[in-house]
Amino acid sequence: MPKPVHQVTFLPNNLTFDVFKDGENLLRVAIAAGVHINASCGGNGACGKCRVIIEQGRVEAEHSAKISEEEWEKGYRLACTCKVVDDLVVKIPPESQIDNSVLRKDLGQKQHTLMARDLNTLVQGVRINPAVSKFYIELPPPTLDDNLSDLGRLMRELKNQHGLENISSDYFLLRRLPRLLRQADWKITATLVYNPKGLKLIDVEAGDTRAQNYSIIIDIGTTTVQGQLLNLNASHEAEEHSVINELESDLLVASDAKYNSQVRFGEDVISRIVYSLKGDGLKELHQSIIGDLNEIINNLVSKSGISKDQISHLIVAANTTMTQFFLEIDPKYIREDPYVPTANFFPPARALDLGLELPDYIHVYTFPAVSSYVGGDIVAGVLGAGIFQREELTLFMDVGTNGEIVLGNCDWLVCTSCSAGPAFEGGGIKFGMRATTGAIEQIRINPETFEPMLLTIGKKKPLGICGSGIIEAIAEMLLVGIIEPNGKFRRELDTWRIREGETGWEYVLADAEQSAEGLDEITITEGDIDNIIRTKAAIYAGCQILLESVGLTFAELDRFIIAGGFGKYINLERAITIGLLPEIDHDKFMFVGNGALLGDRLVSVSREMAAEARKVAEMMTNIELANNMKFMDEYVAAQFLPHTNTNAFPKIMALLEGDK
Amino acid sequence: MAFSAQTEKYSGKMGTLTFGSGDQALTVGGQAAMPFCTFDGEIPHKPIVAMEVYDVVDPEWPAAVVEPFKDVINDPIAWAKKNIEEYGAKAICLQLASTDPNGENKSADYAAELVGKMIDAISVPLVVWGSGNIEKDAEVLSKVCEANEGKNLLIGPAVEENYKKIAAACLGYGHNVVSQSPIDVNMAKQMNILINNLGLPMEKIIMEPSTGALGYGVEYSYSVMERISLAALAQNDEKMQCPMINDLGKECWKAREVKLTEEEEPAFGPDMEKRGVLWEATTGIDMLLAGSNLLIMRNPKAVKLVEECIDELLA
Numbered sequence: 001m002p003k004p005v006h007q008v009t010f011l012p013n014n015l016t017f018d019v020f021k022d023g024e025n026l027l028r029v030a031i032a033a034g035v036h037i038n039a040s041c042g043g044n045g046a047c048g049k050c051r052v053i054i055e056q057g058r059v060e061a062e063h064s065a066k067i068s069e070e071e072w073e074k075g076y077r078l079a080c081t082c083k084v085v086d087d088l089v090v091k092i093p094p095e096s097q098i099d100n101s102v103l104r105k106d107l108g109q110k111q112h113t114l115m116a117r118d119l120n121t122l123v124q125g126v127r128i129n130p131a132v133s134k135f136y137i138e139l140p141p142p143t144l145d146d147n148l149s150d151l152g153r154l155m156r157e158l159k160n161q162h163g164l165e166n167i168s169s170d171y172f173l174l175r176r177l178p179r180l181l182r183q184a185d186w187k188i189t190a191t192l193v194y195n196p197k198g199l200k201l202i203d204v205e206a207g208d209t210r211a212q213n214y215s216i217i218i219d220i221g222t223t224t225v226q227g228q229l230l231n232l233n234a235s236h237e238a239e240e241h242s243v244i245n246e247l248e249s250d251l252l253v254a255s256d257a258k259y260n261s262q263v264r265f266g267e268d269v270i271s272r273i274v275y276s277l278k279g280d281g282l283k284e285l286h287q288s289i290i291g292d293l294n295e296i297i298n299n300l301v302s303k304s305g306i307s308k309d310q311i312s313h314l315i316v317a318a319n320t321t322m323t324q325f326f327l328e329i330d331p332k333y334i335r336e337d338p339y340v341p342t343a344n345f346f347p348p349a350r351a352l353d354l355g356l357e358l359p360d361y362i363h364v365y366t367f368p369a370v371s372s373y374v375g376g377d378i379v380a381g382v383l384g385a386g387i388f389q390r391e392e393l394t395l396f397m398d399v400g401t402n403g404e405i406v407l408g409n410c411d412w413l414v415c416t417s418c419s420a421g422p423a424f425e426g427g428g429i430k431f432g433m434r435a436t437t438g439a440i441e442q443i444r445i446n447p448e449t450f451e452p453m454l455l456t457i458g459k460k461k462p463l464g465i466c467g468s469g470i471i472e473a474i475a476e477m478l479l480v481g482i483i484e485p486n487g488k489f490r491r492e493l494d495t496w497r498i499r500e501g502e503t504g505w506e507y508v509l510a511d512a513e514q515s516a517e518g519l520d521e522i523t524i525t526e527g528d529i530d531n532i533i534r535t536k537a538a539i540y541a542g543c544q545i546l547l548e549s550v551g552l553t554f555a556e557l558d559r560f561i562i563a564g565g566f567g568k569y570i571n572l573e574r575a576i577t578i579g580l581l582p583e584i585d586h587d588k589f590m591f592v593g594n595g596a597l598l599g600d601r602l603v604s605v606s607r608e609m610a611a612e613a614r615k616v617a618e619m620m621t622n623i624e625l626a627n628n629m630k631f632m633d634e635y636v637a638a639q640f641l642p643h644t645n646t647n648a649f650p651k652i653m654a655l656l657e658g659d660k
Numbered sequence: 661m662a663f664s665a666q667t668e669k670y671s672g673k674m675g676t677l678t679f680g681s682g683d684q685a686l687t688v689g690g691q692a693a694m695p696f697c698t699f700d701g702e703i704p705h706k707p708i709v710a711m712e713v714y715d716v717v718d719p720e721w722p723a724a725v726v727e728p729f730k731d732v733i734n735d736p737i738a739w740a741k742k743n744i745e746e747y748g749a750k751a752i753c754l755q756l757a758s759t760d761p762n763g764e765n766k767s768a769d770y771a772a773e774l775v776g777k778m779i780d781a782i783s784v785p786l787v788v789w790g791s792g793n794i795e796k797d798a799e800v801l802s803k804v805c806e807a808n809e810g811k812n813l814l815i816g817p818a819v820e821e822n823y824k825k826i827a828a829a830c831l832g833y834g835h836n837v838v839s840q841s842p843i844d845v846n847m848a849k850q851m852n853i854l855i856n857n858l859g860l861p862m863e864k865i866i867m868e869p870s871t872g873a874l875g876y877g878v879e880y881s882y883s884v885m886e887r888i889s890l891a892a893l894a895q896n897d898e899k900m901q902c903p904m905i906n907d908l909g910k911e912c913w914k915a916r917e918v919k920l921t922e923e924e925e926p927a928f929g930p931d932m933e934k935r936g937v938l939w940e941a942t943t944g945i946d947m948l949l950a951g952s953n954l955l956i957m958r959n960p961k962a963v964k965l966v967e968e969c970i971d972e973l974l975a
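Note that the protein sequences, when read in sequence, are chains Z and C. Using my numbering, read the first sequence as starting at 1 and increasing by one per residue. Using my numbering, read the second sequence as starting at 661 and increasing by one per residue.
Check the hints yourself; a few may be wrong.
[To be verified] Here are some chain C residues the structure puts well away from chain Z; computed CB gaps all over 12 Å: (1) T676; (2) A781; (3) V784.
[What the hints assert, rightly or not] The calculated DSSO-like cross-link candidates involving lysine-lysine, where the alpha carbons are at most 30 Å apart (straight line), are: (4) Z:K630 with C:K919; (5) Z:K630 with C:K673; (6) Z:K568 with Z:K303; (7) Z:K615 with Z:K488; (8) Z:K430 with C:K825; (9) C:K964 with Z:K488; (10) Z:K651 with C:K742; (11) C:K669 with Z:K488; (12) C:K741 with Z:K488; (13) C:K742 with C:K777; (14) C:K750 with C:K910; (15) C:K766 with C:K706; (16) C:K803 with Z:K651; (17) C:K899 with Z:K488; (18) C:K669 with Z:K630; (19) C:K741 with C:K899; (20) Z:K651 with C:K824; (21) Z:K21 with Z:K568; (22) Z:K430 with C:K750; (23) Z:K200 with Z:K49.
Hints were generated in silico from the structure; no laboratory data involved. Using N, Cα and C, we set each Cβ at its ideal position, and we do this for glycine too.
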């Protein structure tokens, strides 16, 4: 366990809370401590409502027009602009308390916020040994006595100087080889790629370019596409464990993400497959995803300031349908009984042949798939989460447009997929958005006045709400009694925030003044709540059926790993409150953020990991839910907050009953 | 060695519900065994058949359910009396069909007054059933509750879209509520939880898990009800331990097989009355075998058949 660096005591409730990070935002601490302070602008200092008095200790804070010079002297600050750099005693003045009930009723419950960086022990013993490596060679120039061909000479020296043998090459490289060798004065860097069949020479550059070895990794989701640019050279120096540590990784140079443009052809894979069957549909869908990748690649390159010549490798993880669209392979039979994909293991393809704006020598490694509905993204996630290395019984859950679930350990793996929908990525939610700047990610609602307290990513005025915010919003609304367990508003409550809008009943999170410019308001509608309830029900029921299929229950799990594009955090209690996660020991949970990128990154830095990925894909047994009668039953049972089977959630039920 | 029969012991038992007032009050439920399995556990209260009367009759009704009431069919109170005095009804269900906005659209005040007169006129407990229009039922049934405070009526159906008004009125004015859900064991439980959350105790709730007539989904109702019973008894799920009611008369008497004449379907034969009576009785017995505690039925002969069956099986 990390040690707290500071302690903050809130008055008048005299509630002390540990802070683990120097410079942590004071409003965030208040939220974590369950102390209610007025805050409606997302934490950017604009509303001036989160006034607090620093009674003891020191904070770093900005001056604000909302606080007079006289008040500043008395210790008044805006909580959202304060960095905690000392032990503090903070008084919440009456005007910042929405009323006297600053203390939440569920305060006895400690809040567990899982961050994506909690996982740096997942995969052990990764040997840094990238699949694409660069070798510097000084060739002896040819003479009449030593008149071996240019390519032969290069191969000979790769053997003599680096011990590398049986190397194949691409003909297009030969076209530029003779001039390049001589212009470089026979001092060159060779780029070799390791694949299951052996070594392949893919590029030769003048001089020593070993320091410039970058790879691009991509996760193609049905709703979101994400990419990262990694510095493979840094991987040689990097500590083993930090390789897979997203936030602190030395490897990560730049990242980028966007919505999948294929959305215009259909929200889900099925409607896109249907579209692809018409006329040039397949080509359109292929070009659409290639366009997205080109946009991301160009953004990564310009963000990092490198040139495309310095990129050596491209790694893609995607679900089976997205993989087939990416490679322009007809996905028709994925959708038809008996649901067979074209391939589970994809041969390397040249990036250029797919239409990617990358140099001709770059090859694409595509993660292997398991079945039509469990794809390479899940194999990548299982790889990245290190399940294949441990005896512990682990459940891995990736919440994307489809919810994919994998259960097992180093000896066996079973998996399934349930149609969840993109709600946790912001899809099908009126003000839903990806977890980017301006997305509401944390919410508390005052149980007496029903006024919300919002924090946004980047502390800007709220633009919308991302997955982690939606989980918190629904859990809070349930806990304070704004909604019933069936997700319907209690319309009789005395607050203007619950009202009948254009699309039905809704709760107003932020009005025009509190929302980002150009927005009239941000609301959560009954339709949004229905969507989330259906999504979480599909995922929970899928987990339950998968466990049952091997005769296990949630209680027997040693580890529960969550992946997905919710946002930076998942508040465990809130996710359990809405019944997305089971009520089991909190220490068993881990949140890994984007699971596919995690696996991508491993394969990028270690060629052995590509072999492991293959093993993982071969090991997984797929269980179909489509023809499982019990699934429908469990699905309906899970469409309630937290669940129709209230016995499975004793702590949440006690909390809800205590609130009455 | 003497033979000893294997018996099932259950950890839970069904709750009871009492409706009607004074000496007339009836109690249903309370069983600690699956239907009629008296050798497994106690079945303290016999299932009851409530005979229905309508405040307006659909002209499409087959003769078999018009003939027995033709002298009283335009007077629901006289009809109820005839059901009790002549056909031995143990309870009455007043179907407020005239309040349907797609029909006569009679007012909530009218309904409340009619219910009041009915209570005064009859000597058995009363079930009051709305037209099935979600908004109108909320208005009509809450008015019925208010105007007849303390009469301990059984009021329904309350569905997810209107349960709040109806159940709140039952709670406020001392009545019982019918919690109706769309043929699904989990949804039935969810409705019970929602109503119970409003403050109405479980012993004031009866479940109507949606009734399908013979040939029209009776097997779905059967399996959902059987699972409800098992959840209540074997799993001791307290949110499933309220008795069950089936509104089956109106489902049976609109079945194609009951309405077709011999000319239209020669294979069905000439005796339309017998066909209809058996259709309704069979559906009723099916529901009893699935765990029902209270049936709403129409034809006196069908009611008699079902009651004989109950008596025999519980003898």
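Going down the list of hints, with the structure as the test:
At roughly 22 Å from the closest C-beta of chain Z, the C-beta of C:T676 stays outside 12 Å, upholding its exclusion from the interface. The claim that C:A781 is not at the interface with chain Z holds, since no C-beta of that chain comes within 12 Å of its own (minimum 36 Å). Even its closest Cβ contact with chain Z, about 35 Å, leaves C:V784 beyond 12 Å, as expected for a residue assigned away from the interface. Our distance criterion of 30 Å between C-alpha atoms is broken by Z:K630 and C:K919, whose separation comes to about 38 Å.
A hinted pair counts as satisfied when its Cα atoms are at most 30 Å apart, and Z:K630 with C:K673 qualifies at roughly 25 Å. With a C-alpha separation of about 21 Å, the suggested pair Z:K568 and Z:K303 falls inside the 30 Å cut-off, and the hint holds. Proximity of Z:K615 to Z:K488 is assessed by CA-CA distance (about 46 Å); at most 30 Å being required, the pair is judged violated. Restraint check for Z:K430 and C:K825: the C-alpha separation of about 29 Å stays at or below 30 Å, so the hint holds.
Among the hinted pairs, C:K964 with Z:K488 is inconsistent with the structure: their alpha-carbon atoms are about 44 Å apart, more than 30 Å. Our distance criterion of 30 Å between C-alpha atoms is broken by Z:K651 and C:K742, whose separation comes to about 55 Å. Pair hint C:K669 plus Z:K488 does not hold up; C-alpha atoms about 39 Å apart against a cutoff of 30 Å. Proximity of C:K741 to Z:K488 is assessed by CA-CA distance (about 43 Å); at most 30 Å being required, the pair is judged violated.
About 15 Å separates the Cα atoms of C:K742 and C:K777, which keeps this hinted pair within 30 Å; it holds. Proposed proximity of C:K750 and C:K910 is supported: the alpha carbons are some 19 Å apart, at most 30 Å. With a CA separation close to 36 Å, the supplied pair C:K766 and C:K706 exceeds the 30 Å bound. A threshold of 30 Å between alpha carbons decides the hint, and for C:K803 with Z:K651 the separation of about 39 Å lies outside it, so the pair is violated.
Restraint check for C:K899 and Z:K488: satisfied, since their Cα atoms lie roughly 20 Å apart, inside the 30 Å limit. Between C:K669 and Z:K630, the direct Cα distance comes to roughly 26 Å. Compliance with the 30 Å bound is thereby established for this hinted pair. Using a Cα cut-off of 30 Å, the hinted pair C:K741 and C:K899 is violated, with the two alpha carbons roughly 36 Å apart. With a CA separation close to 26 Å, the supplied pair Z:K651 and C:K824 stays within the 30 Å bound.
The straight-line distance between the Cα atoms of Z:K21 and Z:K568 is roughly 16 Å, inside the 30 Å bound, and the hint therefore holds. Between the alpha carbons of Z:K430 and C:K750 the distance comes to roughly 53 Å, so the proposed pair goes past 30 Å and is violated. At most 30 Å may separate the alpha-carbon atoms for a hinted pair to count; Z:K200 and Z:K49 exceed this at roughly 63 Å.
In summary, the structure is inconsistent with hints 4, 7, 9, 10, 11, 12, 15, 16, 19, 22 and 23 from the numbered list given earlier, while agreeing with the others.
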